[in-house]
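Protein sequence lines, in the order shown, are assigned to chains D and E.
Start counting the first sequence at 62; every next residue gets the next number (this note's numbering).
Start counting the second sequence at 1192; every next residue gets the next number (this note's numbering).
Hint data in this document are derived by calculation from the structure and do not stem from the laboratory.
Any given hint might turn out to be false.
[Claimed, not checked] So the derived label-pair ranges between C-beta atoms look like this: (1) D/ASN332 with E/THR1355: 55 to 61 Å; (2) D/PRO138 with E/HIS1295: 56 to 62 Å; (3) E/ALA1362 with D/ASP236: 41 to 47 Å.
[Claimed, not checked] Residues of chain E clear of chain D, computed beta-carbon distances all greater than 10 Å: (4) ARG1198; (5) ASP1200; (6) GLU1205; (7) GLY1261; (8) PRO1289.
Beta carbons: idealized from backbone N, C-alpha and C, even for Gly.
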Amino acid sequence: MRKLTIDGREIEVAEGTTVIAAARALGIDIPHFCWHPELSVAANCRMCLVEVEKQPKLQPSCQLEAADGMVVHTDTPKVREARRAMMEYLLLNHPVDCPICDQAGECKLQDYYMLYDLKASRLWSEEGKVRKRKRAIFGPHVIYDAERCVMCTRCVRFCAEVVRDPVLIEVHRGDHSEIAVAPGRTLDHAYSLMTAHVCPVGALTSRDFRFQCRVWFLASTPTICPGCATGCNAFLDHHRGEAFRLRPRENPALNRSWLCDDGVLAFRLHNDHRLTAPELGRGDDARPVAWDEALAEAATLLRKVPKTQRAAVLSAEHSCEENWALAAFAREALGVERFFVTGRTAGTADDLLRHADKNPNRAGVRSMLGAEPEPLERLVDEATAGSIRGAVALGAAAATQGPAAAAGLLRLEALVSIAPRRGPLPEAAHVRLPSPSFAETAGTYVNARGQAQEFPQAMSPRGEALEVPDLLARLARRLDLGLPFRSAADVRAAVAPRLPRPAAEGGAP
Amino acid sequence: MPYVVRRPDRNLWEQSYVPETVRGLGVTLRHFFRNVFGRRDTVTLLYPEQRRPYPPRFRGLHRLTQRDDGAPRCTACLCCQTACPAECIHIVAGEYPPEHPLAHVEKYPVEFWIDELRCVSCGLCVEACPCDAIRMDTGLHPRPVEARPHLIYERNLLLSISDTAGNVHTANPRKK
Ligand code: SF4
Ligand code: SF4
Ligand code: SF4
Ligand code: FES
């Protein structure tokens, strides 16, 4: 352990901790561009200079290891002057195109300029600036503006050290240096959007988010990425009912500071193909109706099917609360004994974050049911054979696809679908009941490691969508059947003891 | 903080009302005769034949200024939309395609709406604009219209309005 003093406050840190990290632990934010807690130290931006007693020159705090008895000052006139000088240097050739730049509002250059510089440029003319590449397409998700780049090399180090795919390199020297994609490559690894995320300025930006919304309009709600079974911690950025992006939320024990590209773009699950009103009928006969009519039709259809031929489909895409409510409704009200599970089909996995199961809550479904649900394939087989004739299904995705699966689902005489968006299951259903998206409901996911993580509601449900427990309560009333829960609080209380473990560390928002 | 409003003390003469009423009528009549037969110091103008000259900083209807090549000066930075206290500006930003002659400008307003009915003419949008792209120097008042949507002005209409001297351009002093 090392004991040092920063701005008059003592702190004890582990050996090898840098001064900037120690200051951060004290809540002192030393301005920096190139330092990132998860990346190696480059010490090239010189923004983090601090004064250390008994050392004649200013020291870069991101590189300086804490030592016993060290006395650090982070806010002296000398340090402030160094910061101002650094800002002047960094802004010398900067194009100052903030009105066009997507980073405006979350840009370290803007923030530090306001805090430490606030001077007009002393450059003699606009023409004197070094001009570089603008709008260089780096990959499917990322675009680069060399004039805005401060050459901190965070993006280079991220690719090399975290993804271990050194696709970004530094080229040229001095004023003319810039970042480039390695010859013959594009920035197309599965974490390319994290380069835009670590970029402290507007040099690397997301092509998807580009010009969609100014960041200062966005509200952020902590959430769990619904993209796969890893359950990365994230913030959902949204504005007026539209989601715009997911951003990583630090959790050293799980996703550290990262999300994969599919995760960042998983916000689309909230925006796209939404089901906003109850609907009856399949294919061309589909028509929106009022809740009363939809529920009456659902009840009539379900009544016609004998108990033994009813089934329930749980969804690995949906929260524990929604799945438990459906399981309880099916078991106690409908007398269902057969439970199946659906979800998005499996995808690519790697050893960084991505899990092959592209559903956030398969483990949760298992815990809520207290048993292993059967695969959707078997439901299709039995529907084709005629031994299951009616089902209530949660979720839009069908875990089995293809013409045979679609035909099997169409054989069902009563399929009531509860889903936030359109997809194979709702399309095959006789009655479609809209439910909230992952962003419009609070809930719990259990990830592949068995960690239960809660997330709050970010927005109110779109259109006429109803929370799943509410919707099931209304359906039960239509069927004149009793339900084992009355309110969302009942559902939460029932779910809590069934969760595998108390919430994962750092998981609670 | 509550406080007491003190009423003026009235003497008996004032309290009896009639003499004071007559005195008030006298003031009115004095002004009447002075303006009808004598010196005219009425402040009323015979609008619209007579018009008062507007101060140069009068904030009229908005206009969007053009670059020399006729493209909107606006880069859809949304600063005006952010500053507007009446929330009457709505902009949809877009990107010039790479082969477009203005591709180097990157961003432009695909849609730009101002609800002139909601506008409180505060001028904050003009102050906020970093590109001198929105101005209120047109000298115009909102016209009477038959339906409210007619006063929700759209991008091309705003671009076509000129200032009082007939200019539709502005120069960007920093760079072209
Ligand atoms: S692109 Fe961004 S992260 Fe990469 S070196 Fe430039 S400023 Fe740093
Ligand atoms: S003048 Fe004021 S109220 Fe009117 S559009 Fe501009 S900012 Fe909004
Ligand atoms: S008018 Fe000016 S402030 Fe408004 S979006 Fe355009 S450039 Fe920005
Ligand atoms: S943060 Fe220390 S030199 Fe860049």
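For this session: Please write out, lowest number first, the hints stated earlier that are contradicted by the structure.
Result: 1, 2, 3, 8
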